[in-house]
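Novice: Sequence:
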Amino acid sequence: MVKLQKIGKLAPKSAAEVPFSRLGIGFEKLDRAVFDPEKAYDKLGDIGVKWVRIQSGWQRTEREKGVYDFAWLDSIVDNLISRGLVPWVCLCYGNEIYTELAKASFGAVGCPPVHSEAELAAWLNYVTALAVHLRGRVRHFEVWNEPDGNWSWKPNGANATELGNFTKATAKAIKAAVPEAYMIGGAFWDHRASFCNEALQTGMGEYLDAISFHAYTLYETDIPERVRSIRGILDQYDLKLDIIQGESGAQSSPFGNGALRQADWSPYSQAKTLLRHLVTDLSTEVKLASYFSCMDMIEALRGKVGDKSSYLDYGYFGVLGADFDENGFSTGSYDKKPAYFALQSLATLFAGDVKRVNPPVTFLRGAAEKPWMVRDVDFSECITAGFRLENGTLLYAYWKDSEGTTNDFHGTVSLSVGLKEDLPVHLIDPMDGSVYAISEDDYRNLGHHNYEFPRFVIRDYPLFLAFGELPALVKE
Numbered sequence: 251m252v253k254l255q256k257i258g259k260l261a262p263k264s265a266a267e268v269p270f271s272r273l274g275i276g277f278e279k280l281d282r283a284v285f286d287p288e289k290a291y292d293k294l295g296d297i298g299v300k301w302v303r304i305q306s307g308w309q310r311t312e313r314e315k316g317v318y319d320f321a322w323l324d325s326i327v328d329n330l331i332s333r334g335l336v337p338w339v340c341l342c343y344g345n346e347i348y349t350e351l352a353k354a355s356f357g358a359v360g361c362p363p364v365h366s367e368a369e370l371a372a373w374l375n376y377v378t379a380l381a382v383h384l385r386g387r388v389r390h391f392e393v394w395n396e397p398d399g400n401w402s403w404k405p406n407g408a409n410a411t412e413l414g415n416f417t418k419a420t421a422k423a424i425k426a427a428v429p430e431a432y433m434i435g436g437a438f439w440d441h442r443a444s445f446c447n448e449a450l451q452t453g454m455g456e457y458l459d460a461i462s463f464h465a466y467t468l469y470e471t472d473i474p475e476r477v478r479s480i481r482g483i484l485d486q487y488d489l490k491l492d493i494i495q496g497e498s499g500a501q502s503s504p505f506g507n508g509a510l511r512q513a514d515w516s517p518y519s520q521a522k523t524l525l526r527h528l529v530t531d532l533s534t535e536v537k538l539a540s541y542f543s544c545m546d547m548i549e550a551l552r553g554k555v556g557d558k559s560s561y562l563d564y565g566y567f568g569v570l571g572a573d574f575d576e577n578g579f580s581t582g583s584y585d586k587k588p589a590y591f592a593l594q595s596l597a598t599l600f601a602g603d604v605k606r607v608n609p610p611v612t613f614l615r616g617a618a619e620k621p622w623m624v625r626d627v628d629f630s631e632c633i634t635a636g637f638r639l640e641n642g643t644l645l646y647a648y649w650k651d652s653e654g655t656t657n658d659f660h661g662t663v664s665l666s667v668g669l670k671e672d673l674p675v676h677l678i679d680p681m682d683g684s685v686y687a688i689s690e691d692d693y694r695n696l697g698h699h700n701y702e703f704p705r706f707v708i709r710d711y712p713l714f715l716a717f718g719e720l721p722a723l724v725k726e
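According to this note's numbering, the residues represented by the sequence shown are 251 to 726, in order.
Everything labelled a hint here was simulated from the structure, so no lab data went into it. Just so it is clear, CB atoms sit at the ideal spot from N, CA and C, and this is done for glycine as well. Be aware that a few hints might be false.
[Unchecked claim] Derived CB-CB ranges, DEER-like:
#1 489 / 426: 16 to 22 angstroms
#2 607 / 478: 16 to 22 angstroms
#3 607 / 385: 33 to 39 angstroms
#4 583 / 535: 34 to 40 angstroms
#5 725 / 505: 24 to 30 angstroms
#6 608 / 354: 52 to 58 angstroms
#7 429 / 488: 18 to 24 angstroms
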C-alpha cells in the first residue's frame, strides 16, 4: 500500500484460545460422508472461529427401526470440542425406512417425515434420542435446512404452516427431554417476509430460542434489511428470539454448482466476498454469523439414487480446496485458499466480546490537496461499520460497495475523525492480516484529538482503521 509501512501481521488464535466469538463456519454434509473430516479438523480449529454447524443425518444413524448408531456423529462432535470448537446441529434430512420418497433421493436429502403420523412419530423419537445422547456436549439444535426450497423439502418446498407445525413438534419434543436445549427454527433461504410470518402464526416461536436465515447474495447490503425484517416480524408476536445467520458463502470458481454459480468467481473474489458479508453480519444484531463452508464438496441436493451423475455437482465454497474422485468424494490435501486467511484475520480481530458501536468518523468532500488526481470515492458508494474490542480499541471498517466478483478496486476516500483522547492509529488489511503504521504524511492532526485523513486508501472489501492498542502482532 502506498505510503503505508507494514509493521507486522495479526497473530492468529486457534479456537481453543478464543473464549467467545460470534463467528462460525459450516462443516455440513458429513451425513452423506462426502469428505474426510480427519484431514480438516486441525485446519478448522486453527482458523479461530468458534461455532461449527453440522448436520445430524437421520438416515445414516437409524438404519434399522428404533436402533440408533451415533458413533459417526460422536466422532465429529468430540473432535470439534477437543479443538475448542462449539458444534451446533442442523436436524435433517429424511430416512428411507420411513419415507418412500427418500428411497430415490441421494442421502434422503429434502424428504421430510410429514406424510403420516408414523413418519412424524419416528422423527420425534429420533431427534429426542439425539438430543439426549448429545446432552452436555451439544446444546444448540436447528430444525431442518432451507425448508422453503424445493431441494430441501421435496417435491415443492414446504408450506409455511406445515413447516411451523413440524418445527413446533420437533422443538417441543426435544425441550421436553432436554429443557436446556437451545432450539433454532427457520433456516430460511428466501428473503420474503411472508413465509416466516405464516410459519410463526402456528405458534412455533413459543418453543424456539432463535430464528435463522441464509444469505446467498452478491449484495451484502441486503443483509441488514433482512435482519430488520425478521426482527420486525418477531416483534409483532412479542417474541424475544435471537437471530442467526446460518449460511452465507461464495465460490472460488466460475464452474461451481449451487448458490451464486452464475458469477465469475476466483479465489480472490471469494475472499473479498467473505469479508464483506461477515463484517456486515457482525454490524447487525445477529447472535452468530456462519460462513459456508469449510470444504469444497459436491452439492448433492438433487441427487438421485442410482444416478451418480446427478450428484457429481461440485461446489467450491470451501475455505479449504479439494480435488474430487470418480464418486464425488473430496480428495487431496485440503489446501488453504485466500478465504481461509481472510476468515482467520476476522476471527483474530473479533475474538471476545466485541461490541457494535457508532464510529466517530465522517467522510469529507473536496478535502484532497491535489484535485487533478483521481477523484475520491463518494460516501454514498461506501459501506461502513464500527466496533469496539474488549480492550477498548475502536475499529472502523469501510469499503466501496460493488459486486466484488471480478474487479480489483483501488481508490481513495477522505475521512474526519473525532476522538476523546489521542490514540495510536493503524490500518489493518484482513485479506492477509497485514498491519500498517500510518505516518504523519497520511493524516492531519487538527488538535483537540481531531484528525483528517485526506486521500486515504479504500478497497472493495473491508479495511480497518484501528484506534487504540492492537491485538498481538507477529513482527516481520
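Novice: Hint says 18 to 24 angstroms; check whether the CB-CB distance for residue 429 and residue 488 agrees.
Specialist: Once the Cβ atoms are compared, 22 angstroms apart, the range 18 to 24 angstroms for residue 488 and residue 429 holds.
Novice: Do residue 489 and residue 426 keep their Cβ atoms within the hinted range of 16 to 22 angstroms?
Specialist: holds, 20 angstroms
Novice: May I ask you to test the hint 34 to 40 angstroms on the CB atoms belonging to residue 583 and residue 535?
Specialist: At 39 angstroms between Cβs, range holds.
Novice: Measuring from beta carbon to beta carbon, are residue 725 and residue 505 in 24 to 30 angstroms?
Specialist: Given range 24 to 30 angstroms: violated, Cβ gap about 40 angstroms.
Novice: Verify the CB-CB distance for residue 607 and residue 385 against the hinted window 33 to 39 angstroms.
Specialist: This hint holds: roughly 38 angstroms between Cβ atoms.
Novice: Could you check the hint for me, namely that residue 607 and residue 478 are 16 to 22 angstroms apart, CB to CB?
Specialist: holds, 18 angstroms
Novice: For residue 608 and residue 354, compare the CB-CB distance with the range 52 to 58 angstroms and indicate the outcome.
Specialist: holds, 54 angstroms
The structure fails hint 5 only (numbered hints given earlier).
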